[in-house]
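*Asks:* Model the full structure from these sequences, guided by the hints.
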Amino acid sequence: GGGGGGQETAPSPPAASTGGAPSASTSASTTPAAGAPKRGGKLRVGLNDGGATDTLSPWNIPSYNSDARAEQVYERLYKYDANGAPAPRLAESADSNADATVWQVKIQSGVTFHDGKTLTADDVLYSFRYVADEKNKAESLARLEPIDLAASKKVSDTEIEFHLKRPIGDFPGLLSEKALWIVPDGATEFTKQPNGTGPFTFVEWQPGVRALYKRNPNYWQSGKPYVDEVEILIITDPAARLNALLGAQVDEITFVDFVQAKAQEGNAAIQIVNAAQPQTNPFYVQLDAPPYTDNRIREALKLAVDREAMVQKVELGFGTVGNDLFGKGLPSYNDALPQRQYDPEKAASLLKAAGQHPFTLPLPSSAALPGMLESATAYKEQAKAAGITVQLQKLDAGSYFANDKYLKSPTYQTNWGQSFESQAQDGLFKDSPYNETHWYSKTWAEGFRKAQAIPDADKRNAAYKDLQVPLYKEGGYVVFAFFNTLDAASSKVMGIVPYIASGYENLGGFDFKDHWFAP
Amino acid sequence: MTESVLRVEGLRVGLERGAAIVEDVTLELRPGEVLGLVGESGSGKTTVARALLGYTPPGVVIDAGSVQVAGQEIVGCDERELRRLRGRLISYVPQDPATALNPSIRVGDQVREMLDVHGVEADRGRLVAEILGRVQLPGDAAFRRRFPHQLSGGQQQRLAIAVALACGPRVVVLDEPTTGLDVVTQARILEEIGRLRQEGDVALVYVSHDLAVVASIATRIAVMYAGRIVEEGPAESVIRTPRHPYALGLISSVPDHVAPRRLVGIPGVAVGVGGRPSGCSFAPRCAQRVSECEEAVPPLQRVDAHRSVRCIRWQETPAPKVDLRGVIGDTLDAAPLLEVDALRAEHRGRGASVVAAADVSFTVAPGECVALVGESGSGKTTIARCLVGLHAPAGGRILLDGKPLAARARSRSREERRSVQIVFQNPYDSLNPVRSVEDAVAWPIRSLRDLGRREAAAEVATLLERVRLPERMARRFPGELSGGERQRVAIARALAARPRMLVCDEVTSALDVSVQAAVLDLLAELRRDLGLAVFFITHDLGVVASIADRVLVLEEGDVREEGTVTAVLSAPRSDYTRRLIAAAPSLAIEATGGPSHTSRA
Amino acid sequence: MGTLATTRARWRRHPLAAYAVRRVAVGAVLLMFVSMLVFGATQVLPGDAASAILGRSATAEQKEIYRKELGLDRPLPTQYWSWISGVVQGDLGKTLASRDPVTSFISVRVGKTLVLALATLLVLLPVALALGVWAGIRRDRAADHVISGISLGFIALPEFVTGTLLIASIAVSLKLLPPTSIIESGQSPLTSPRILVLPVLTLCITAAAYIIRMIRAGVVESMSSDYVQMARLNGVPEWRVVVRHALRNSLAPTVQVLALTVQYLIGGIVIVETVFAYPGLGQGLVQAVIARDIPTVQGVAMLLAAIYVVINILADFVVVLLIPKLRTSQ
Amino acid sequence: MIAVAQARGGARRLQFLRAWSARIGLAVFLFVVGVAFLGPYFAPHSPSAEPGIPFSTPSKAYPLGIDYVGEDVLSRVLFGGRTVIIFGALATLLAYAVGGAIGLLAGYSRTLIDPVLMRAMDVLLAFPPILFLLVVATTPRGQGHVALVSAIAVIHMPSIARIVRTAALETSVRGYVEAAVARGDRTHVILRREILPNIWGPVMADAGPRFTVSILLVAAINFLGLGPSPPTADWALMISENRIGITINPWAVVAPALLIAVLTVSLNVVADAIAHSLGKSLDVETLRR
Ligand SMILES: Nc1ncnc2c1ncn2[C@@H]1O[C@H](COP(=O)(O)OP(=O)(O)OP(=O)(O)O)[C@@H](O)[C@H]1O
Ligand SMILES: Nc1ncnc2c1ncn2[C@@H]1O[C@H](COP(=O)(O)OP(=O)(O)OP(=O)(O)O)[C@@H](O)[C@H]1O
Ligand SMILES: [Mg+2]
Ligand SMILES: [Mg+2]
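Residue numbers (our numbering), protein chains in the order written: chain A, 1 to 519; chain B, 1 to 601; chain C, 1 to 330; chain D, 1 to 289.
Rather than coming from a laboratory, the hints here were simulated on the basis of the structure. Even glycine gets a Cβ: it sits at the ideal position worked out from N, Cα and C. Watch out, some of these pointers could steer you wrong.
Stated by the list, open to error - Quick look at which bits of chain D chain C covers, simulated, 3 or more residues with Cβ under 8 Å:
| id | region |
| --- | --- |
| 1 | 126-132 |
| 2 | 213-223 |
| 3 | 241-255 |
Claimed, not checked - Computed cross-link-like contacts, DSSO-like style, restricted to lysine-lysine with a CA-CA straight-line distance of at most 30 Å:
| id | chain 1 | residue 1 | chain 2 | residue 2 |
| --- | --- | --- | --- | --- |
| 4 | A | Lys465 | A | Lys492 |
| 5 | A | Lys459 | A | Lys165 |
| 6 | D | Lys60 | A | Lys153 |
| 7 | C | Lys68 | A | Lys192 |
| 8 | A | Lys262 | A | Lys313 |
| 9 | D | Lys60 | A | Lys262 |
| 10 | A | Lys442 | A | Lys465 |
| 11 | C | Lys175 | A | Lys42 |
| 12 | A | Lys430 | A | Lys135 |
| 13 | A | Lys135 | C | Lys68 |
| 14 | A | Lys492 | A | Lys42 |
| 15 | A | Lys262 | A | Lys394 |
| 16 | C | Lys94 | A | Lys192 |
| 17 | A | Lys106 | A | Lys153 |
| 18 | A | Lys262 | A | Lys492 |
| 19 | A | Lys106 | A | Lys224 |
| 20 | A | Lys214 | A | Lys38 |
| 21 | A | Lys473 | A | Lys405 |
| 22 | C | Lys175 | A | Lys492 |
| 23 | C | Lys94 | A | Lys135 |
| 24 | A | Lys192 | A | Lys214 |
| 25 | A | Lys117 | A | Lys135 |
| 26 | D | Lys60 | A | Lys346 |
*Replies:* Given below as structure tokens:
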């Protein structure tokens with residue numbers, strides 16, 4: 001195994017325009033420690049989204065509730081652990097050859113599907129081929145592109161040999177990919193009676209309303225799950241969601257606003273699940289658009305933001321300062337670089353040196369995501385001291401990431417929530433879909449490809465960290481702060497581990513199998 | 001002599017705080033008598049009529065006097081007591097049965113409700129049929145199951161009378177029961193009321209502004225002016241020898257087809273509630289006023305055994321003067337100004353179309369007044385609208401000076417549009433409420449005659465003088481004018497175009513008789529002074545007699561009869577004309593020498 | 001031909017039936033145009049449905065396949081025709097993602113919305129009618145001023161403010177009632193009626209204000225009519241004047257008010273269901289709009305518009321039945 | 001002379017002020033409008049500056065406390081009335097302009113245009129208002145200000161068109177209009193001189209309730225999260241934005257809600273009085289939306 005999110009589709013700008021709420025990640029905080037887990041009870045979870053676009057099929061998970069539902073029934077070979085490292089799930093281990101082009105994956109034995117069938121290597125290969133088949137419209141199709149599935153083969157009932165088209169060091173990371181579920185060989189019908197190896201079995205579902213799951217008595221992790229039933233209830237309105245928890249109508253909810261969390265701090269009846277995911281709403285400038293071609297100006301913009309104030313006032317302390325790099329807290333993050341501080345004088349002198357003092361920064365922003373407009377507004381005030389006038393352009397929230405300005409405007413406020421390497425693939429290559437800053441360095445790209453191929457996690461991460469140095473020095477992003485993802489639960493619920501990996505995983509990666517009720 | 005069944009003394013009805021609406025009303029009535037209560041609009045007739053039942057509208061109270069019906073005091077009774085008395089002892093027939101009959105209660109139940117409410121124990125089904133029979137309505141089940149809107153106007157009024165009679169009241173108050181009806185229907189209702197009088201066990205109070213109607217049925221007449229009774233006495237003698245100048249004025253204003261005469265209006269307008277002078281209310285309009293009149297309200301004094309008058313100079317009141325209209329020109333030889341030839345007009349509705357004029361031909365000579373009479377719905381208005389280009393004829397021609405006119409006003413030349421002007425029936429919608437009098441009258445001058453603002457303003461002053469409106473009226477808005485004043489403004493507006501012919505569509509039918517007299521007088525004067533031809537539409541033969549040279553009688557879109565007024569009125573040839581004439585009420589004051597005078601000391 | 005002629009003749013013999021048929025026909029044509037509008041409005045989409053569903057990572061080929069499958073590659077009139085012919089047969093199409101029938105999306109929700117609407121009407125109508133009539137009868141007296149004044153104030157309060165205030169006070173602070181109206185599996189609004197109380201109250205507060213004002217206007221009008229005056233002049237007792245004369249004739253306007261109330265509820269329910277997380281049609285519609293699920297939005301919009309039109313037709317018809325003049329002249 | 005005439009006209013227009021309730025209503029209405037338009041000059045803080053701790057309760061520096069992003073509620077309240085009034089008024093005015101034109105055309109033309117236009121209005125009338133806004137919100141630019149204002153205008157349009165049409169029909173058979181037609185006045189002259197001034201009253205009689213509905217619709221669509229993003233402070237938006245903190249600092253919701261309520265109630269009182277003085281009471285059709 002290794003660390004860092006492989007080729008994850010993290011819901012940054014795309015998710016922003018469809019999902020509408022911040023995505024999550026983790027780091028431990030307030031889970032109450034308790035004795036041995038108890039069995040029994042019905043766990044009711046209030047989910048923040050869901051509706052007409054949801055489906056029972058696990059191959060597309062456009063919403064948080066789709067993921068929460070799929071996680072109960074299906075499992076992957078690997079899944080990120082609470083700290084963002086891929087951890088084996090249905091797999092036992094994965095080992096590669098020297099150049100990371102062939103991977104041997106061993107799977108757990110004795111795992112059964114809900115219909116009683118035993119999990120074998122055939123099921124794994126079938127599942128991967130199913131995703132790779134275009135006509136099945138699985139959303140993770142593109143992620144399987146590096147795997148040569150025709151050449152990959154079953155070695156034994158519990159062993160598969162994956163052949164890759166190019167070296168990939170973090171193959172477990174790739175296997176942790178969201179919708180790479182393992183389904184029984186030959187399964188084609190996914191919308192009637194979901195059949196996986198997961199901890200809960202499907203009972204009923206009403207799109208946009210609720211879904212009910214029963215404990216899988218044959219689950220392979222002994223003793224789990226603890227609760228008898230899980231019911232997922234859709235409560236889109238944030239106020240209603242918290243009210244439902246306060247009124248004990250549900251036991252857990254996703255997404256609590258910072259202010260709601262602040263207000264409930266003294267409330268012993270509930271716990272806030274505070275996950276320090278690397279979510280951020282940075283500003284960007286395009287490196288090839290004058291005057292931003294001048295790094296002194298970029299540096300000045302980075303120095304003109306009061307990062308601490310952003311964390312305290314915009315995020316109410318539910319976050320951490322940024323250092324103009326992505327993926328803070330994850331294994332590949334370079335935290336050895338000096339932390340940039342608020343230094344308006346230095347910013348001003350840099351601008352003067354560049355002949356651009358006073359400076360005017362047009363900055364499109366929007367209330368598309370929480371905290372966005374607030375931070376842009378705060379920046380406007382903070383930057384004044386450096387002689388920077390921020391011309392805030394408030395754009396329509398609904399189309400903020402879909403309008404023609406995004407990716408065209410030389411400056412913009414954006415959103416990311418991924419590890420360094422994941423963000424790099426989505427945004428730092430010539431052919432990346434969201435190369436917002438126009439970072440087009442060939443040598444850097446080659447260096448990245450090389451690092452990607454290192455099978456050893458520590459070595460690979462060391463290489464990634466090196467790659468962050470030029471970005472820190474010259475990059476087009478002002479990543480001033482990261483904000484946490486807050487969920488909440490009744491204090492009676494035990495076993496929720498705040499989850500740092502990015503994606504749709506709230507409430508401890510939706511692993512309800514680990515949750516239990518204190519007596 | 002029988003006991004009086006209705007006795008009213010010193011009745012005063014006023015606004016809750018302040019002005020009196022009616023004051024010092026004293027009346028007495030015996031069974032079999034019919035009291036006609038007359039007066040112009042706003043004089044307080046309805047207020048008195050309802051006060052007789054102890055009823056006042058919200059904000060209005062009976063604050064003095066007494067009303068006794070069959071010995072039972074009404075004033076001061078509580079609501080429960082009043083409810084018991086109303087309908088049983090004294091009942092009320094409203095002016096407009098179309099709105100006063102509950103639209104969702106069947107005919108039979110309208111009557112039956114009275115029996116229920118007043119606990120009349122009887123075979124109610126039979127009794128209902130009987131009561132309907134008394135007013136000549138069919139009492140069969142099918143008819144009883146009808147709803148009010150399925151009855152004609154006359155039937156509705158009969159039904160209202162039946163309801164009033166249901167519980168055998170001693171007094172029935174009828175508030176303008178025939179005002180909205182055409183003459184023929186009116187004649188039938190009056191006949192009905194006459195029969196009730198004959199039966200003799202009920203006393204009737206008949207409220208009306210139409211003296212001719214009242215004269216035909218009342219045994220006594222009370223004339224009201226500005227909230228007070230100004231003269232009261234036996235019908236005959238009040239009409240023949242009015243003692244109050246206002247009563248005299250009223251009588252002189254009534255047009256009469258039997259004896260066509262020149263009408264004399266009462267100058268000035270009535271004062272409203274609250275604006276009454278301290279002395280005699282009529283003084284400002286009175287020809288025989290002396291300074292004393294303005295000092296105190298004159299008392300109602302007995303002038304003989306049966307009559308009282310509220311005038312200190314009643315002896316001075318002259319006898320009604322009857323100026324017979326001079327001989328009316330039979331034929332005017334001039335070339336016709338307007339010629340209507342085989343006019344056909346239709347109203348196209350959904351599917352079916354109504355023929356409003358079938359084949360109408362007539363001519364109007366310059367300076368001539370041609371009247372068009374006919375009952376409601378006979379097509380009079382439609383013809384008028386065709387003349388001025390508001391309605392496109394379905395056939396025939398209209399010629400002005402021998403040249404055919406286009407169907408639509410818009411397609412006519414400006415000269416043609418200018419030549420023929422129209423004045424409408426309803427004074428309340430013929431003026432734009434947001435335009436001042438000056439503006440309304442000046443506009444045609446500017447738009448049809450291309451005069452400038454200033455010239456137009458100067459001419460407005462002359463025109464207002466012409467229609468005898470004071471100059472200060474120019475800046476008033478229609479809402480601040482009385483009906484008669486509005487109609488004059490409408491005439492001034494028509495005159496502003498310098499027309500050669502005026503089309504008048506029932507211009508006086510919404511006005512009080514005294515005001516009507518003044519307007520007709522004005523029209524006569526305009527004809528004389530300006531040589532204006534007038535096409536005058538009316539359903540009132542009396543009006544025809546007093547203004548027109550020639551008359552056309554219209555029935556269902558066809559001209560039944562045409563001729564000079566004298567010829568048609570004295571020797572009608574068609575049945576229809578005869579029926580109309582028979583039904584038209586008349587004061588029947590002898591044409592020669594006036595009515596006989598009793599005393600004139 | 002023969003049958004047509006005889007049917008026509010029969011209509012003529014039953015004028016009310018003819019009226020009903022005519023009114024329904026007009027309604028059907030109206031709905032046809034409504035459907036075009038709904039279809040047209042929802043066609044102008046940002047991007048297109050395929051990429052909306054498949055997400056950004058989908059390949060061009062995937063999108064093409066999906067577009068074909070959804071029939072989005074066909075010309076608009078063809079798409080409209082296949083949609084509307086489905087609608088006429090009760091097939092509202094399939095939701096974009098799950099490809100479930102829109103009808104089933106509607107059917108799991110519509111019952112709950114109906115329960116909410118009926119419960120609201122059940123509470124609302126008697127109270128609002130009584131208050132409206134009372135204010136109308138006691139026109140310009142203290143009772144009228146109090147009722148009219150308070151109802152005017154409530155008209156200006158949006159449902160979500162009322163709802164939020166009620167939740168904050170009654171549910172969260174006093175803990176008397178559940179703060180949201182979520183329904184667990186195995187439950188229904190009828191088995192746990194407590195969850196209905198606050199939504200019903202919220203809807204009632206706003207709607208009552210409207211109804212009271214309209215009923216009052218109707219009663220004031222008939223109380224000042226000539227026939228009411230006449231009834232009083234005929235010695236009819238006051239209660240009978242009110243009931244038999246005034247109210248009898250304000251029944252018809254009342255029916256129209258009822259129709260308007262139902263129409264109001266359609267809008268109010270969308271908000272209230274969202275505030276209380278009540279899993280009804282309104283909440284579903286909002287979800288569908290947010291997800292840009294066109295077939296669902298189209299389906300629900302058509303259903304609601306149809307209800308709107310049907311209620312109008314029914315109300316018109318009842319009005320015709322209640323007003324003798326209209327009834328007999330049809 | 002002209003001045004006198006105008007004074008008379010003015011007096012006629014101000015007749016409604018005879019009722020004391022109308023006087024109070026007008027005073028309150030003017031006060032709220034004053035707050036909305038002059039408020040920004042009195043605001044102690046910038047509506048978007050110096051974030052404090054969100055949902056702090058009232059204090060000396062922040063008399064109404066702090067809102068959900070940490071801005072001063074009082075300042076936002078003082079700034080937030082303009083947009084409510086302007087958008088509400090714009091939507092309402094647009095509705096009157098377009099609906100009025102359609103109604104006038106239909107009512108006065110007496111040709112096939114009439115039924116065609118009125119049936120088109122019926123189609124729009126078949127949409128419950130919220131539904132219409134939701135459908136509009138699914139379209140590309142459906143969540144901007146322009147879309148919202150026009151959608152609300154379209155919602156009002158059919159009933160305004162109906163009222164105007166009825167009034168125009170009623171007026172066009174009046175004697176003074178007929179007289180003008182017989183005089184051969186041009187259509188635009190007739191509309192301007194004779195018809196428009198007379199239907200103005202009955203048509204504007206329900207402007208108050210309409211304005212209320214416009215504001216409430218803006219608030220509702222914002223609440224559903226489908227409205228335009230906040231330009232600056234806005235009362236309707238403040239209510240929905242701060243809803244989550246209602247138990248912490250209720251003023252952030254109550255103050256704007258109260259102002260909207262006071263604004264609309266006073267406007268309705270005035271509108272009622274005007275309608276009353278025009279002899280028209282608010283009827284079912286008026287309150288329809
Ligand atoms: N409720 C009221 N408040 C104020 N003034 C009133 C009220 N009722 C009647 N009046 C006034 O009292 C006067 C008499 O009214 P009333 O209806 O009795 O007259 P009328 O002689 O019957 O007139 P008409 O011939 O027009 O029916 C009128 O000037 C009228 O304006
Ligand atoms: N706009 C219209 N549409 C359809 N039918 C009409 C219309 N106007 C009048 N009619 C019908 O045409 C006929 C003639 O009407 P018109 O108004 O010319 O009669 P009129 O003699 O002026 O009656 P009145 O004395 O009541 O004024 C009547 O039967 C009437 O019902
Ligand atoms: Mg009267
Ligand atoms: Mg006529």
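*Asks:* Now, for every hint given, state plainly whether the structure supports it.
*Replies:* Verification of the hints:
1. 126-132: holds (count 6)
2. 213-223: It holds: at least three residues are needed, and the region 213-223 of chain D offers 4 whose Cβ sits within less than 8 Å of chain C.
3. 241-255: holds (count 5)
4. A:Lys465 to A:Lys492: With a Cα-Cα distance of about 41 Å, the restraint between lysine 465 of chain A and lysine 492 of chain A is violated, given a limit of 30 Å.
5. A:Lys459 to A:Lys165: Within the cut-off at roughly 22 Å; holds.
6. D:Lys60 to A:Lys153: Violated, at about 73 Å.
7. C:Lys68 to A:Lys192: 24 Å, holds
8. A:Lys262 to A:Lys313: Within the cut-off at roughly 12 Å; holds.
9. D:Lys60 to A:Lys262: Satisfied, since the Cα-Cα distance of roughly 22 Å is no more than 30 Å.
10. A:Lys442 to A:Lys465: Holds, because 18 Å separates the two Cα atoms, which is no more than 30 Å.
11. C:Lys175 to A:Lys42: 22 Å, holds
12. A:Lys430 to A:Lys135: Distance of about 29 Å is within 30 Å: holds.
13. A:Lys135 to C:Lys68: 12 Å, holds
14. A:Lys492 to A:Lys42: OK: lysine 492 of chain A and lysine 42 of chain A at ~12 Å, within 30 Å.
15. A:Lys262 to A:Lys394: Measuring from Cα to Cα gives roughly 27 Å; hence the hint holds.
16. C:Lys94 to A:Lys192: 16 Å, holds
17. A:Lys106 to A:Lys153: Distance ~12 Å between lysine 106 of chain A and lysine 153 of chain A Cα, so the pair holds.
18. A:Lys262 to A:Lys492: 20 Å, holds
19. A:Lys106 to A:Lys224: 22 Å, holds
20. A:Lys214 to A:Lys38: 17 Å, holds
21. A:Lys473 to A:Lys405: 26 Å, holds
22. C:Lys175 to A:Lys492: 19 Å, holds
23. C:Lys94 to A:Lys135: 19 Å, holds
24. A:Lys192 to A:Lys214: Cα-Cα ~16 Å, so holds.
25. A:Lys117 to A:Lys135: Distance ~26 Å between lysine 117 of chain A and lysine 135 of chain A Cα, so the pair holds.
26. D:Lys60 to A:Lys346: 36 Å, violated
This entry does not satisfy hints 4, 6, 26, going by the numbered hints stated previously.
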